[in-house]
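Visitor: Here the protein sequences line up with chains A and B, keeping their order.
Residue 197 in the numbering used here sits at position 195 of the first sequence, and the numbers go up by one each step.
Residue 96 in the numbering used here sits at position 94 of the second sequence, and the numbers go up by one each step.
Just to be clear, a hint being listed does not mean it is correct.
Where chains are identical, the list cannot tell them apart; a pair therefore holds if satisfied intra-copy or between any two copies.
[To be verified] Straight-line distance between alpha carbons at most 27 Å, and here's what the computed DSS-like set of lysine-lysine pairs gives: (1) Lys52 with Lys269; (2) Lys207 with Lys22; (3) Lys74 with Lys269; (4) Lys190 with Lys259.
If you're looking for bench data, these hints aren't it; they were derived computationally from the structure.
There are 2 protein chains.
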Amino acid sequence: MRRSERIALISSMLSKNPNKIISLNHFSQWLGAAKSSISEDIDIIKTAYKNSGQGEITTLPGAAGGVRYRTKRSVDDINVFLNDLSDTLRDQRRIIPGGYLYMTDIMFSPEYSSIIGEIFAQIFIDKAPTHVLTVETKGIPIALMTAKALNVPMVVARRDSRVTEGPSVGISYVSGSGQKIHNMSLAKRALPENSRVLIIDDFMKGGGTAQGMTELVGEFKAQVVGIAMVMATAVPKEKLVSDFTTLLVLEGIDVQKGEINISINDKLL
Amino acid sequence: MRRSERIALISSMLSKNPNKIISLNHFSQWLGAAKSSISEDIDIIKTAYKNSGQGEITTLPGAAGGVRYRTKRSVDDINVFLNDLSDTLRDQRRIIPGGYLYMTDIMFSPEYSSIIGEIFAQIFIDKAPTHVLTVETKGIPIALMTAKALNVPMVVARRDSRVTEGPSVGISYVSGSGQKIHNMSLAKRALPENSRVLIIDDFMKGGGTAQGMTELVGEFKAQVVGIAMVMATAVPKEKLVSDFTTLLVLEGIDVQKGEINISINDKLL
Numbered sequence: 003m004r005r006s007e008r009i010a011l012i013s014s015m016l017s018k019n020p021n022k023i024i025s026l027n028h029f030s031q032w033l034g035a036a037k038s039s040i041s042e043d044i045d046i047i048k049t050a051y052k053n054s055g056q057g058e059i060t061t062l063p064g065a066a067g068g069v070r071y072r073t074k075r076s077v078d079d080i081n082v083f084l085n086d087l088s089d090t091l092r093d094q095r096r097i098i099p100g101g102y103l104y105m106t107d108i109m110f111s112p113e114y115s116s117i118i119g120e121i122f123a124q125i126f127i128d129k130a131p132t133h134v135l136t137v138e139t140k141g142i143p144i145a146l147m148t149a150k151a152l153n154v155p156m157v158v159a160r161r162d163s164r165v166t167e168g169p170s171v172g173i174s175y176v177s178g179s180g181q182k183i184h185n186m187s188l189a190k191r192a193l194p195e196n197s198r199v200l201i202i203d204d205f206m207k208g209g210g211t212a213q214g215m216t217e218l219v220g221e222f223k224a225q226v227v228g229i230a231m232v233m234a235t236a237v238p239k240e241k242l243v244s245d246f247t248t249l250l251v252l253e254g255i256d257v258q259k260g261e262i263n264i265s266i267n268d269k270l271l
Numbered sequence: 003m004r005r006s007e008r009i010a011l012i013s014s015m016l017s018k019n020p021n022k023i024i025s026l027n028h029f030s031q032w033l034g035a036a037k038s039s040i041s042e043d044i045d046i047i048k049t050a051y052k053n054s055g056q057g058e059i060t061t062l063p064g065a066a067g068g069v070r071y072r073t074k075r076s077v078d079d080i081n082v083f084l085n086d087l088s089d090t091l092r093d094q095r096r097i098i099p100g101g102y103l104y105m106t107d108i109m110f111s112p113e114y115s116s117i118i119g120e121i122f123a124q125i126f127i128d129k130a131p132t133h134v135l136t137v138e139t140k141g142i143p144i145a146l147m148t149a150k151a152l153n154v155p156m157v158v159a160r161r162d163s164r165v166t167e168g169p170s171v172g173i174s175y176v177s178g179s180g181q182k183i184h185n186m187s188l189a190k191r192a193l194p195e196n197s198r199v200l201i202i203d204d205f206m207k208g209g210g211t212a213q214g215m216t217e218l219v220g221e222f223k224a225q226v227v228g229i230a231m232v233m234a235t236a237v238p239k240e241k242l243v244s245d246f247t248t249l250l251v252l253e254g255i256d257v258q259k260g261e262i263n264i265s266i267n268d269k270l271l
């Protein structure tokens, strides 16, 4: 096999498996080439990715070592993406009676959720999360793509406990403008003790749901290492969780004028 | 930029964007190389992918043409994956009181859901689905990864209609051993008329939920082009939907002996 063919295959495998350590031995056996040749292939890929902003390839030494790929977007690239996203969301046809903003198509889009997941992973990777947690339903695609980019499992709290998941731990929490009491629960076997949990959701208003997830994580004797949303409302300014990251801020919706006022968080990195 | 560096970048972009047509112009401008050189780069990638079973690269001529990548697993590779998956699921610790099988960790795993999504995409790509539909909650990750592999949007039917999604269409359906009546609804704006819908879910017993989704698709004047599950029970043999594809069959669970009997569908392709 020619070097250029090996590079095509190694590049594809790394791109499809972000944050996974793949040993040189694996590549060597798969491609029938000496480890020294594979090493040179990887140097070429590393340089190409770096120079074009496609991400970072790290070589980790030792018995458990190998090669690891992570996406790494520049601040400029992230701002371009967030500006595009907020332009899409400002379309006045997205205003739902009652003054809500229709975002479901974006949250469920494979393309948007992949990019958002990669951005969340980039922001929180140094916190070494071992699990990504969300609560059903709309946050699931973004949580999954974040988990994929981090190469960790996703766990999903349910609104009701499910007979098909065995014993569960449940909590009650207050959320929404109606100040309603909700329940959420998570199967006991889903989250080990001492897990480092990154909480992901689509939208935050008062922060009750995020606070509920934080409490749930505590019940599992695990630790929250970050809370991230795609969008948070500007009002109320004080949320029930103190430390969270949002990509976008919903400043307000003027239903009469058909205006949706969204700002981007330009201090993400 | 050297040819090998261009190949690293093109291979990465194609791998991350399955079933998306990317024009040679795009690569040419991005990489600062003539279209003839890009064409040669792509031929090398095509050969490498083909010879190692990494997927299929197609060059489409014309103004709307370009290059398209699709994963394409061999029958043998799929059978190896399904055997691994069923071995994992046969672990007797997965038996939940009541005789259920704990599969949530697999369904929510970024790694498993990616591969399953790619397999579903491969099976149904010739039906040209324009949307992937599931009903919340456990099927969402697999539906999302199928949609990603097909490069189409995912839509998710909700158990209740949501005030934040605007007008919706709802149906009632009967499912589960308890023969309970459930509701599912989908925002009117989520699915255009004449869409070609691939229905994806994690598990099928009687087929009531799949039948409900089929009825919902009909309400949108859209068409079902396929129904696929990760696992279906062997009993009842007659399901409420006649034509569906399952990766695995749950033959039965012997709670006393701690035995889980799963067979794989070896006639997928």
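Visitor: Hint by hint, note whether the structure agrees.
Guide: Structure-based check of all given hints:
1. Lys52 with Lys269: Only inside one copy: Lys52 and Lys269 sit 23 Å apart there, 44 Å across copies, limit 27 Å.
2. Lys207 with Lys22: So Lys207 and Lys22 fail the 27 Å test inside a copy (35 Å) and across (36 Å) alike.
3. Lys74 with Lys269: Answer is within: at 16 Å inside a copy they meet the 27 Å cutoff, but 41 Å across does not.
4. Lys190 with Lys259: between (49 Å within a copy, 24 Å between copies)
Figure legend: structure checked against the earlier numbered hints; the only hint not met is number 2.
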